[in-house]
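Enquirer: Starting from the known structure of chain A, arrange chain B on it as the hints suggest.
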Amino acid sequence: MPQAIRSGLQRLTYVAMSILLVWHTFAMVIGPAPESSIIGAARSLAQPYLTFFRLQNEWEFFAPFVGPGYHFSYVIEDAAGEKHTFTPADRLNNWHPNSIWMRDRYTVIMTKPDVYGDAAGAALCLEHALLHPVSVTLLEVEHSEFWPVDLREGKRPTDAEFVKAKTLRTVSCPGR
Amino acid sequence: MTTSAASRNVFQRLIDRIGLVWERIWFQDSPTTPLEISRIGIGVALVQHYIVATPYLVTFWGDDGWMPRTLLAEEHSDPWTQSILFYLTSPWQMYAFHALFLACCIAFTLGWRTSWVKWIVLAGQLSYDNRNPDMYYGVDSILACLLLILCFAPIGRALSLDRVRQVRAAKLADLGAHPRRFSSRWAFACTRLMQIQMAALFFYSAVGKIRGDQWWYGDAAWRVFSSADYYNEFVLRVLAQNFWLVNIATYAVILIELAFPFMVWQRRSRPYLLVGAAFLHLQFAFLMNLYYFSFVMIMGHMSFVFPRWLQRLGAMWKWRIGPMEMIYDGHCGFCKRSMAGFLAFDGLRQIQVRDFRTSPSDVVSDEQMKKALYLVLPDKRALPGFEAYRYVVLRVPGLWWLIPFFYIPVFSRLFGHPIYNWIAANRSRL
Numbered sequence: 001m002p003q004a005i006r007s008g009l010q011r012l013t014y015v016a017m018s019i020l021l022v023w024h025t026f027a028m029v030i031g032p033a034p035e036s037s038i039i040g041a042a043r044s045l046a047q048p049y050l051t052f053f054r055l056q057n058e059w060e061f062f063a064p065f066v067g068p069g070y071h072f073s074y075v076i077e078d079a080a081g082e083k084h085t086f087t088p089a090d091r092l093n094n095w096h097p098n099s100i101w102m103r104d105r106y107t108v109i110m111t112k113p114d115v116y117g118d119a120a121g122a123a124l125c126l127e128h129a130l131l132h133p134v135s136v137t138l139l140e141v142e143h144s145e146f147w148p149v150d151l152r153e154g155k156r157p158t159d160a161e162f163v164k165a166k167t168l169r170t171v172s173c174p175g176r
Numbered sequence: 001m002t003t004s005a006a007s008r009n010v011f012q013r014l015i016d017r018i019g020l021v022w023e024r025i026w027f028q029d030s031p032t033t034p035l036e037i038s039r040i041g042i043g044v045a046l047v048q049h050y051i052v053a054t055p056y057l058v059t060f061w062g063d064d065g066w067m068p069r070t071l072l073a074e075e076h077s078d079p080w081t082q083s084i085l086f087y088l089t090s091p092w093q094m095y096a097f098h099a100l101f102l103a104c105c106i107a108f109t110l111g112w113r114t115s116w117v118k119w120i121v122l123a124g125q126l127s128y129d130n131r132n133p134d135m136y137y138g139v140d141s142i143l144a145c146l147l148l149i150l151c152f153a154p155i156g157r158a159l160s161l162d163r164v165r166q167v168r169a170a171k172l173a174d175l176g177a178h179p180r181r182f183s184s185r186w187a188f189a190c191t192r193l194m195q196i197q198m199a200a201l202f203f204y205s206a207v208g209k210i211r212g213d214q215w216w217y218g219d220a221a222w223r224v225f226s227s228a229d230y231y232n233e234f235v236l237r238v239l240a241q242n243f244w245l246v247n248i249a250t251y252a253v254i255l256i257e258l259a260f261p262f263m264v265w266q267r268r269s270r271p272y273l274l275v276g277a278a279f280l281h282l283q284f285a286f287l288m289n290l291y292y293f294s295f296v297m298i299m300g301h302m303s304f305v306f307p308r309w310l311q312r313l314g315a316m317w318k319w320r321i322g323p324m325e326m327i328y329d330g331h332c333g334f335c336k337r338s339m340a341g342f343l344a345f346d347g348l349r350q351i352q353v354r355d356f357r358t359s360p361s362d363v364v365s366d367e368q369m370k371k372a373l374y375l376v377l378p379d380k381r382a383l384p385g386f387e388a389y390r391y392v393v394l395r396v397p398g399l400w401w402l403i404p405f406f407y408i409p410v411f412s413r414l415f416g417h418p419i420y421n422w423i424a425a426n427r428s429r430l
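Top to bottom, those sequences are chains A and B. Read in order, the letters of the first sequence correspond to residues 1 to 176 in this note's numbering. Read in order, the letters of the second sequence correspond to residues 1 to 430 in this note's numbering.
Check before you lean on any hint, since a few could be wrong.
[Said to hold, decoys possible] Some but not every residue of chain A turned toward chain B, in silico, with C-beta under 10 Å:
no., residue
1, His24
2, Ala41
3, Leu50
4, Phe65
5, Phe86
6, Trp95
What the hints contain is simulated information worked out from the structure, not anything from laboratory work. The model shown is predicted, which means the values in this text are computed figures rather than measured ones. Beta carbons are placed, not taken as given, at the ideal position from N, Cα and C, and that holds for glycine.
Pulled out of the complex, with its shape left as it was, chain A reads as follows (with noise of 0.2 Å):
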């Protein structure tokens, strides 16, 4: 290849990796920036680049808040009447990934009841079928601030006190 050809393909090169190395920078850049107007016109720019890589993240771990929390719970009424508790984050074990999994799927519930309801709702009744469920109530429990103070008089977070139960739905159980 001739000298001039070669030297004209590296100059090209140099140029697209520079142009790469901008434009990836902007969108790592731009991906997690507070929404304005400037930043807007940015991001719509780059947008396809960040959804179709998944680079728009905002990276507030913990940020600006960290509040107490909600956890899942849900009531299983069998064919006799009787109700039975259940909190599901207290079986999981922290150190397997599913736990992480499945605390999502709990928030997820918590969040849209009326979208994901009936599928976790019919997912429990097959899990406890040997309590013959008829419906099962989805709860949210949402955690209230809990203070050494709380904790030096021997109260833990999940004590009656600091914790509200709110229902979210209840579920039949499918063939009642």
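Expert: Frame of chain A, contents of chain B only:
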């Protein structure tokens, strides 16, 4: 000189200066070693994560699971969000895809056919993320970002089976050959991209925190450990007795996250920032059980490791172990082939070789050499056959994967010696 010529000259100097700065930021000659460490770590994390997910495959990502495609279409419908799993309809197809993905993750970790395997790993990771976005959390975002950068990068050129294959091919022609170690300006640019990614992540994380009163007033750490998801009674008891630790922990997190993106670029402050970031993530791993997240973050930080640190570490190891000389039979084709394969894993070039047919040793006699390969140590000790290999695999990092075979108590020696002796006796027929 006319005015226009002078201004052209100034303009040209300015352009040259910008060009130099640009080169310094992005295009220095560099090996891929820091990126290879990230590759291996991220690969291990992916393999472990997705193997554990296998029993839940259909539940998490199937049509009969948590997110049927009809529901997904209602909730998330961006045409730029794509997943191979959108096009797989039956469980067997999902399991086949999962098996292929796991195989590629293993190949990615080992650095086998890395140049194309890395793209399959990225496509697989994005496919799982997009098929059930409700299960997607921080570490998946980080993985997607790091994997894309690794796809751009010329990885697989060191600490990989691809490199082993390249070295082996050269050594088959000449056992003393040492193919040049790979380095390129593009490798440096991609390392820089990963560094910017980690710095941006810390910057936005810190800015997000200082916007909140809980971080500002220093009690956020308490709130984390007393929250529903990260409740840790032991930590809470310690913090309740010493509430000042809560303030220190809270402000230390902000300080590290804020200082990192600004001070990690300086040569002198980089080690301290890296130690700080690693310490932070080890706390997350052990106190909050976020070990997957923490491990992936630490692997991202590996991009900040200067290649010369690794070179020094390698040199120190080599010096500590001392030189080793393997003496082989140059008339034996099988011996040369197996030596080429073995030496291909010696990335630090710790082992010297000698063909006793052309260069007899003054430590081991030719009669001894005809029976077995020998390893000669600096104190003139000579280890024959199986014992030579056994000694070497423990001292050459690239061969550590063989340790389980050579160091099973009793069994390794019980079977190793007869197997080696049989091969040595029949080597001319192999």
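Enquirer: Does tryptophan 95 of chain A hold up as a contact with chain B if the rule is Cβ-Cβ below 10 Å?
Expert: Cβ of tryptophan 95 of chain A sits 6 Å from chain B, so the hint holds.
Enquirer: Using 10 Å as the Cβ threshold, decide whether alanine 41 of chain A counts as touching chain B.
Expert: violated, 18 Å
Enquirer: Quick check on phenylalanine 86 of chain A please, does its C-beta sit within 10 Å of some C-beta on chain B?
Expert: Hint violated; phenylalanine 86 of chain A Cβ to chain B Cβ min 16 Å, cut 10 Å.
Enquirer: Does phenylalanine 65 of chain A hold up as a contact with chain B if the rule is Cβ-Cβ below 10 Å?
Expert: Hint on phenylalanine 65 of chain A: holds, closest Cβ of chain B at ~5 Å, below 10 Å.
Enquirer: Measuring from the C-beta of histidine 24 of chain A to each C-beta in chain B, is the shortest one below 10 Å?
Expert: holds, 6 Å
Enquirer: Quick check on the hint: leucine 50 of chain A CB to chain B CB, less than 10 Å?
Expert: holds, 8 Å
When each numbered hint is compared with the structure, violations occur for hints 2, 5.
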